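Top to bottom, those sequences are chains V and E. Each residue of the first sequence is one higher than the one before, starting from 1 at the first, in my numbering. Each residue of the second sequence is one higher than the one before, starting from 1 at the first, in my numbering.
Since the hints were derived computationally from the structure, they do not count as laboratory data. Hints are not guaranteed to be accurate.
[Unchecked claim] Here are the simulated SDA-like pairs of lysine to any residue, each with C-alpha atoms no more than 25 angstroms apart in a straight line:
hint, chain 1, residue 1, chain 2, residue 2
1, E, Lys-146, V, Cys-63
2, V, Lys-87, V, Glu-122
3, V, Lys-146, E, Ala-157
4, V, Lys-146, E, Glu-52
5, V, Lys-146, E, Asp-54
6, V, Lys-163, E, Asp-70
7, E, Lys-93, V, Ser-139
8, V, Lys-237, V, Gly-162
9, V, Lys-118, V, Lys-51
10, E, Lys-118, V, Lys-163
11, V, Lys-146, E, Ser-72
12, E, Lys-47, V, Ser-139
13, V, Lys-51, E, Gly-215
14, E, Lys-118, V, Gly-162
15, E, Lys-163, V, Ser-72
16, V, Lys-73, E, Tyr-78
17, V, Lys-117, E, Glu-52
18, E, Lys-26, V, Lys-163
19, V, Lys-51, E, Leu-76
All of these numbers come straight from a predicted model, not from anything done at the bench.
There are 2 protein chains.
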Amino acid sequence: MAVFYAVSTGPGDSELICLKAVRVLKSCEIIFYPESKKDTIALDSLKSLEKEIDLEHKTLVPCSFSMTLDKSKSDLEYEAIACQCVKFLQNGKSVAMLSIGDVSLYSTAGRTARIIKKSGFEVEFIAGVNSFSAAACSSALSLCEKDESLSVIPADAFFRNGKLEAELKSDGTKVLMKMGHHLKEIISLLGKLDLLQNATLVQKASLADEKIFYGEEILSMNERDFENAYLSVLILKT
Amino acid sequence: MAVFYAVSTGPGDSELICLKAVRVLKSCEIIFYPESKKDTIALDSLKSLEKEIDLEHKTLVPCSFSMTLDKSKSDLEYEAIACQCVKFLQNGKSVAMLSIGDVSLYSTAGRTARIIKKSGFEVEFIAGVNSFSAAACSSALSLCEKDESLSVIPADAFFRNGKLEAELKSDGTKVLMKMGHHLKEIISLLGKLDLLQNATLVQKASLADEKIFYGEEILSMNERDFENAYLSVLILKT
């Protein structure tokens, strides 16, 4: 029976994809990939694996999600894409949907999979390397040791609803993600709380044009760097 | 120049190792691996990759850490193992040290790397799939969507110092790890707080003998299951 695979492609470096993901992508004729102006990382990863995965005989289907905050609009978008996938599955063709990072974290493929599962098709999640592990490894940092905890925070949303400051003051390591809109304000807040010296900001972790800003260096980021806010991860150690 | 590589082997399934880790392991003659009575996962992963990595011509060095809570004793253990690695590096031989999961999370290889870095040798962290991503993927769960946060909690320690209950009551998804000693008490606490129906417990995520307990099924765990407490991850969704 045809299976829907939500496939993690890892943080960007195509070498940070797992053997299992490569095997699944080899086996699926239909591959959906996320497409946006800001981010072609998943497709780029796939293309740079062309030696391993023969793309000539695949059907590559772009899909875009508007990232709207309107839940009913967003639900409709996902339903439409899930419906496209289901058509292939009904014809007996397994479908892979790519997701950067790991599919269990903020992934469109994961959400699509759950809709497809309700249609009665088998879904499988292929785990991958998330962006904060890649960011930590690039900067040779441990996120946690021994009895330390880790909080992963969608920082734009927490900033908007006023919850970020309390989170930043709490114990344990913090990873701030999804800062596309408020990165400047978040950096100001870190400065105000005297926390910048404990922060490391990694942009495009694992990619060739990766950039790392340690501590106060974050204040030297230029406008171009802020354009990559969406692909930034900030690690705050206590 | 010789390099020390802290290499993530992923959660257990040898297919959940990254292409980069395989390349590095192929290139290193010296491979250190963690050895304990409870856990031979990293070495098992390596052995099942024998088709890809020729182990005949490698020097495999076991290393064990006592997991003592005595910091000075623990520091001495790490120093001794780092010293063994440095001897190889001084002879111009690159060293890989395996770590299950991802090296940025609770990893002995990460801590060893930081000691070796102080000796002036280059260290590199190779990112991998962590156990909670594997657990979420096995149970087809998303850890986070949209504006949700994630807390990764070393649960034995938090239970011991009385901080666990407050964490369990807080917002966002919780991942409880490192429950080797207090799993029974932690499950009782979840029951008391009426949270069991939102919990999923995954043992040996991604391995052939993986077990998943959804919600109240956790109460049916037997003594043998509790022996695998160390390799259990509990995901609590709100």
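Against the structure, the hints:
{"no.": "1", "hint": "E:Lys-146 to V:Cys-63", "result": "holds, 18 angstroms"}
{"no.": "2", "hint": "V:Lys-87 to V:Glu-122", "result": "holds, 14 angstroms"}
{"no.": "3", "hint": "V:Lys-146 to E:Ala-157", "result": "holds, 9 angstroms"}
{"no.": "4", "hint": "V:Lys-146 to E:Glu-52", "result": "violated, 33 angstroms"}
{"no.": "5", "hint": "V:Lys-146 to E:Asp-54", "result": "violated, 34 angstroms"}
{"no.": "6", "hint": "V:Lys-163 to E:Asp-70", "result": "violated, 36 angstroms"}
{"no.": "7", "hint": "E:Lys-93 to V:Ser-139", "result": "holds, 23 angstroms"}
{"no.": "8", "hint": "V:Lys-237 to V:Gly-162", "result": "holds, 21 angstroms"}
{"no.": "9", "hint": "V:Lys-118 to V:Lys-51", "result": "violated, 36 angstroms"}
{"no.": "10", "hint": "E:Lys-118 to V:Lys-163", "result": "violated, 38 angstroms"}
{"no.": "11", "hint": "V:Lys-146 to E:Ser-72", "result": "holds, 14 angstroms"}
{"no.": "12", "hint": "E:Lys-47 to V:Ser-139", "result": "violated, 29 angstroms"}
{"no.": "13", "hint": "V:Lys-51 to E:Gly-215", "result": "violated, 44 angstroms"}
{"no.": "14", "hint": "E:Lys-118 to V:Gly-162", "result": "violated, 40 angstroms"}
{"no.": "15", "hint": "E:Lys-163 to V:Ser-72", "result": "violated, 38 angstroms"}
{"no.": "16", "hint": "V:Lys-73 to E:Tyr-78", "result": "violated, 54 angstroms"}
{"no.": "17", "hint": "V:Lys-117 to E:Glu-52", "result": "violated, 35 angstroms"}
{"no.": "18", "hint": "E:Lys-26 to V:Lys-163", "result": "violated, 47 angstroms"}
{"no.": "19", "hint": "V:Lys-51 to E:Leu-76", "result": "violated, 46 angstroms"}
Hint compliance for this structure: hints 4, 5, 6, 9, 10, 12, 13, 14, 15, 16, 17, 18 and 19 are broken, all remaining hints hold.
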